[in-house]
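Trainee: Sequences listed follow chains W and H, in order.
First residue of the first sequence? That's 14 in this note's numbering, and the numbers climb one at a time after it.
First residue of the second sequence? That's 3 in this note's numbering, and the numbers climb one at a time after it.
Some clues are possibly wrong.
As the list claims (entries may be wrong) - Lysine-lysine pairs mimicking DSSO-like chemistry, simulated, CA-CA at most 27 Å apart:
| no. | chain 1 | residue 1 | chain 2 | residue 2 |
| --- | --- | --- | --- | --- |
| 1 | H | K56 | H | K105 |
| 2 | W | K55 | H | K105 |
| 3 | H | K56 | H | K70 |
| 4 | H | K105 | H | K58 |
| 5 | W | K55 | W | K91 |
| 6 | W | K91 | H | K105 |
| 7 | H | K58 | W | K91 |
| 8 | H | K58 | H | K7 |
| 9 | H | K73 | H | K58 |
| 10 | H | K58 | W | K70 |
| 11 | H | K105 | H | K70 |
| 12 | H | K73 | W | K55 |
| 13 | H | K56 | H | K73 |
| 14 | W | K55 | W | K70 |
| 15 | W | K55 | H | K7 |
| 16 | H | K70 | H | K58 |
| 17 | H | K7 | H | K56 |
| 18 | H | K105 | H | K73 |
| 19 | W | K96 | W | K55 |
| 20 | H | K7 | H | K105 |
| 21 | W | K55 | H | K58 |
| 22 | W | K96 | W | K70 |
| 23 | H | K105 | W | K70 |
| 24 | H | K56 | W | K96 |
| 25 | W | K70 | W | K91 |
| 26 | H | K70 | H | K7 |
| 27 | H | K7 | H | K73 |
| 28 | H | K7 | W | K70 |
Claimed, not checked - Here are some chain H residues the structure puts well away from chain W; computed CB gaps all over 10 Å:
| no. | residue |
| --- | --- |
| 29 | L13 |
| 30 | Q16 |
| 31 | E44 |
| 32 | K70 |
| 33 | P81 |
Source of the hints: derived by calculation from the structure; they are not laboratory data.
Where is the CB? At the ideal position from N, CA and C, for every residue including glycine.
Letter by letter, the chains look like this.
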Amino acid sequence: EPEVTQTPSHQVTQMGQEVILRCVPISNHLYFYWYRQILGQKVEFLVSFYNNEISEKSEIFDDQFSVERPDGSNFTLKIRSTKLEDSAMYFCASSETGTDGYTFGSGTRLTVV
Amino acid sequence: DQQVKQNSPSLSVQEGRISILNCDYTNSMFDYFLWYKKYPAEGPTFLISISSIKDKNEDGRFTVFLNKSAKHLSLHIVPSQPGDSAVYFCAASDSNYKLTFGKGTLLTVNP
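In isolation and in its complexed conformation, chain H is listed as follows (with noise of 0.2 Å):
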């Protein structure tokens, strides 16, 4: 039962464009949702967050956008640089606090 799907498992994008990074859940019950980064043999690093409340949150070259009624979030990065590339992971966390993971999303930003 997958409550945090990432579908698409790679996306290779040229620097400086826009890196989109799409996140569907099924739970209801979600009401914070957070992006993190993963490079290999590292753990995840928190990127950025928002709550349900609300339906857009910035922060630098990164920003999510949450839309509720279609269950939905997505990770716009702005410009996209190399150093971006690592394996994005999905996260949506409920009232007890615990983190449901996607799969991932390995991001290549070309050159």
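Chain W on its own, in the form it takes in the complex (with noise of 0.2 Å):
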């Protein structure tokens, strides 16, 4: 069955660096998410991206943040400069339709130090 790849797993930055979360959606999908849960929290969402562009964003999704499909297969959120509060799970999510059949990665744990 097709997944949504992400990468890494887990990554660990320090205060003030960059970071960029990697994500590969489904081939075949047109819609891209990027969501966060915070622990014990609910999942959040960031961002959507379609035909090349954000089509909306969150109030959590500031100047900091930006997201990049750079060729045909890869979607990828950055972080410009890390605070302590962004620690959470990142989710990339992806569809072929933007209703039906969200299809969400296994997530990146970011831990802010």
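Assembling the complex is the task here: the two chains are given apart, and the hints tell you how they should meet.
Mentor: Below you can see the structure in the form of structure tokens.
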């Protein structure tokens, strides 16, 4: 069954450093998303991406965050200057139609120290 | 502002019995509802969905019921199995295709 692949599975970074979280969505999917889950809290929407541009972003997704689809397969989330409160599980998801069947990756645990 | 609420943080059920997970929402613009199951250290896995034009959708042991007037949906699992033990997230989607999740309910099915 097709999968959404996320790398790395765990990233430890120092506060103030830049991190790039990588995702390979399912190949025929057109809609891409990043979500995060701070430990013990709910899964929160960060950003959606369609047709090579951001279609929607949440309040969390401020100027420190950016997304890119640098080639036909990868979808990356960059955090320019990490803060302690950015520590969370970050999930990438993709969808063929934008409605049914969002497929999530297994997540990247980001720890900012 | 919790637009999607799962008021029960946990639920414990005996194997073979019915599990009922509940979810309430406040945003009337939501038109699509999904249930996800999540095991530790894994991403949410899509389970079942329902469009706002329906009031019931069934897939094997899983049935989702939607009561639009009450802004309430529920997931029924029958019969429950130990492998169903996981965190279940209710999610709602609007026309912008982004999901808003509830906080999740930890289901434990005891053998």
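Trainee: Does each hint hold? Answer for all of them.
Mentor: So, going through the hints one by one against the coordinates:
| no. | hint | verdict |
| --- | --- | --- |
| 1 | H:K56 <-> H:K105 | holds, 24 Å |
| 2 | W:K55 <-> H:K105 | holds, 4 Å |
| 3 | H:K56 <-> H:K70 | holds, 9 Å |
| 4 | H:K105 <-> H:K58 | holds, 23 Å |
| 5 | W:K55 <-> W:K91 | holds, 21 Å |
| 6 | W:K91 <-> H:K105 | holds, 26 Å |
| 7 | H:K58 <-> W:K91 | violated, 40 Å |
| 8 | H:K58 <-> H:K7 | holds, 20 Å |
| 9 | H:K73 <-> H:K58 | holds, 14 Å |
| 10 | H:K58 <-> W:K70 | violated, 31 Å |
| 11 | H:K105 <-> H:K70 | holds, 20 Å |
| 12 | H:K73 <-> W:K55 | holds, 20 Å |
| 13 | H:K56 <-> H:K73 | holds, 13 Å |
| 14 | W:K55 <-> W:K70 | holds, 17 Å |
| 15 | W:K55 <-> H:K7 | holds, 10 Å |
| 16 | H:K70 <-> H:K58 | holds, 11 Å |
| 17 | H:K7 <-> H:K56 | holds, 20 Å |
| 18 | H:K105 <-> H:K73 | holds, 17 Å |
| 19 | W:K96 <-> W:K55 | holds, 19 Å |
| 20 | H:K7 <-> H:K105 | holds, 7 Å |
| 21 | W:K55 <-> H:K58 | holds, 26 Å |
| 22 | W:K96 <-> W:K70 | holds, 19 Å |
| 23 | H:K105 <-> W:K70 | holds, 20 Å |
| 24 | H:K56 <-> W:K96 | violated, 44 Å |
| 25 | W:K70 <-> W:K91 | holds, 14 Å |
| 26 | H:K70 <-> H:K7 | holds, 15 Å |
| 27 | H:K7 <-> H:K73 | holds, 11 Å |
| 28 | H:K7 <-> W:K70 | holds, 21 Å |
| 29 | L13 | holds, 17 Å |
| 30 | Q16 | holds, 27 Å |
| 31 | E44 | violated, 5 Å |
| 32 | K70 | holds, 17 Å |
| 33 | P81 | holds, 25 Å |
Comparing the model with each earlier hint shows violations of hints 7, 10, 24, 31; every other hint is respected.
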